[in-house]
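Chemist: As given, the protein sequences belong to chains A and B, one line each in that order. Residues in the first sequence are numbered from 0 upward in steps of one, following numbering that gives the first Met the number 0. Residues in the second sequence are numbered from 0 upward in steps of one, following numbering that gives the first Met the number 0.
Just so you know, these hints were derived from the structure itself, not from any lab. Any given hint could turn out to be false.
[What the hints assert, rightly or not] DSBU-like mimics (lysine-lysine), calculated; alpha carbons at most 35 Å apart, straight line:
hint : chain 1 : residue 1 : chain 2 : residue 2
1    : B       : Lys13     : A       : Lys160
2    : B       : Lys13     : A       : Lys61
3    : B       : Lys61     : A       : Lys127
4    : B       : Lys13     : A       : Lys103
5    : A       : Lys61     : B       : Lys61
6    : B       : Lys61     : A       : Lys161
7    : A       : Lys78     : A       : Lys127
8    : B       : Lys13     : A       : Lys127
9    : A       : Lys36     : A       : Lys160
10   : A       : Lys78     : A       : Lys160
11   : A       : Lys61     : A       : Lys78
12   : A       : Lys65     : B       : Lys61
13   : A       : Lys127    : A       : Lys65
14   : A       : Lys160    : A       : Lys61
15   : A       : Lys36     : A       : Lys127
16   : B       : Lys61     : A       : Lys160
17   : A       : Lys160    : A       : Lys127
18   : A       : Lys103    : A       : Lys61
19   : A       : Lys78     : B       : Lys61
20   : B       : Lys13     : B       : Lys61
21   : A       : Lys103    : B       : Lys61
22   : B       : Lys13     : A       : Lys161
23   : A       : Lys36     : A       : Lys161
[As the list claims (entries may be wrong)] Listing some non-contacts, in silico: residues in chain A with all C-beta distances to chain B over 10 Å:
hint : residue
24   : Val82
25   : Pro120
26   : Gln142
27   : Asp154
28   : Arg158
[Stated by the list, open to error] To spell it out: a stretch of chain B is covered by chain A in this simulated footprint if at least three of its residues, at any positions, have a beta carbon under 8 Å from a beta carbon of chain A; those stretches are:
hint : region
29   : 17-29
30   : 36-42
31   : 48-61
32   : 77-86
Here the structure is a predicted model, which means the values were calculated and not measured. Ideal Cβ positions, reconstructed from N, Cα and C, are used throughout, including at glycine.
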Amino acid sequence: MSPPLIRVCGVSTLSLRCRRPSVALWLTPMGELLWRKNTVLVQNHTWDLVPRPPWANIVTGKWIFKNKLQSDCSLERYKACWVLRGFTQRPGVDFDETFSPVVKPATIRTVLSLALTRHWPIHQLDVKNAFLHGTLTETVYSQQPSGFEDPAHSDYVCRLKKSLYGLKQAPRAW
Amino acid sequence: MVSYLLSIGFVETKSDTSLFIYQRGSDTVYLLLYVDDIVLTASSSFFLRRIILALQREFAMKDLGELHHFLGMHVQRRGDGLLLSQRRDGRVQAVVYTS
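Take the sequences, apply the hints, and build the full model.
Modeler: Structure, rendered in structure tokens:
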């Protein structure tokens, strides 16, 4: 568990298997990223920490690291993301609909053509942590983010209030 | 996001659920939404600014300025047109020119 896990191109993942990762990890840039991301999740009230219901399916998750590149392929910044393994969700119980509409290419061309011929300004916006705005309607339980288990309640699970990356219903919830 | 857009007067189009249109008098806004990617165009810079500010009051979002990327596509201004291209494995895969 050292910074080289973050490669210049591509995606790396990290499974913090040990209950208490070594202190050294938190001193690396990667550790700092994890702290920052975990803080965002906590501040957004993404979940309630609850005792594990005996019948509940617990969706597992993992930390993912991405390198955000600029258009000239130079490194812009590292990103860390706590994603859930949606494939451990059960259809009909943990999710109903996975449908998420995509933008039709014809729509993009139409809008751009209209804007161009009318000389309208075209801007693009980037939503930060978009999924954290989406409120979940289904009850979904997940494990606590690896490495950030509540020391007093390490056997508790997260009852999700907001959507997270990797959930079957993620793109629709927002 | 969708419910907020509808609450401030946007209408979801029938032909494509990711296109939202706002129309008041001579002011028009087209908004394309795909998860966290948004493309916005409006009949005036002033009105575009107002809509962006309204959205930013509600959601943490960054105005990346003039469109240059959308859904993995590269967008460049070429004269009075736009060049849309898509790269995969270092090769240009598709080129569309609209004007």
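Chemist: Minimum Cβ separation between Asp154(A) and chain B greater than 10 Å?
Modeler: holds, 33 Å
Chemist: Sort out whether Lys61(B) lies within 35 Å of Lys13(B), counting only the CA atoms.
Modeler: holds, 28 Å
Chemist: Regarding the pair Lys65(A) and Lys61(B), is the alpha-carbon distance no greater than 35 Å?
Modeler: holds, 20 Å
Chemist: Within 35 Å, alpha carbon to alpha carbon, are Lys61(B) and Lys161(A)?
Modeler: Measuring from Cα to Cα gives roughly 21 Å; hence the hint holds.
Chemist: Between Lys61(B) and Lys127(A), is the straight-line Cα distance small enough, at 35 Å or below?
Modeler: Holds - the C-alpha atoms of Lys127(A) and Lys61(B) are around 8 Å apart, at most 35 Å.
Chemist: Check the hint pairing Lys160(A) with Lys127(A) against an upper bound of 35 Å on the C-alpha distance.
Modeler: holds, 18 Å
Chemist: For Lys78(A) and Lys61(B), compute the direct alpha-carbon distance and say whether it is at most 35 Å.
Modeler: holds, 17 Å
Chemist: Quickly compare the C-alpha distance for Lys36(A) and Lys127(A) to 35 Å and report which way the hint goes.
Modeler: holds, 12 Å
Chemist: Is the straight-line distance between the alpha-carbon of Lys13(B) and that of Lys160(A) 35 Å or less?
Modeler: Given that 35 Å is the threshold and the Cα spacing comes to 30 Å, the pair holds.
Chemist: Would you mind confirming whether the straight-line C-alpha gap from Lys13(B) to Lys61(A) stays at or under 35 Å?
Modeler: violated, 38 Å
Chemist: With the threshold set at 35 Å, check whether the alpha-carbon distance from Lys127(A) to Lys65(A) stays at or below it.
Modeler: Distance ~15 Å between Lys127(A) and Lys65(A) Cα, so the pair holds.
Chemist: With 10 Å as the threshold, tell me whether Pro120(A) passes as away from chain B on beta-carbon distances.
Modeler: Violated: least Cβ distance 5 Å, not greater than 10 Å.
Violation of the numbered hints given earlier is confined to hints 2, 25; the remaining hints are satisfied by the structure.
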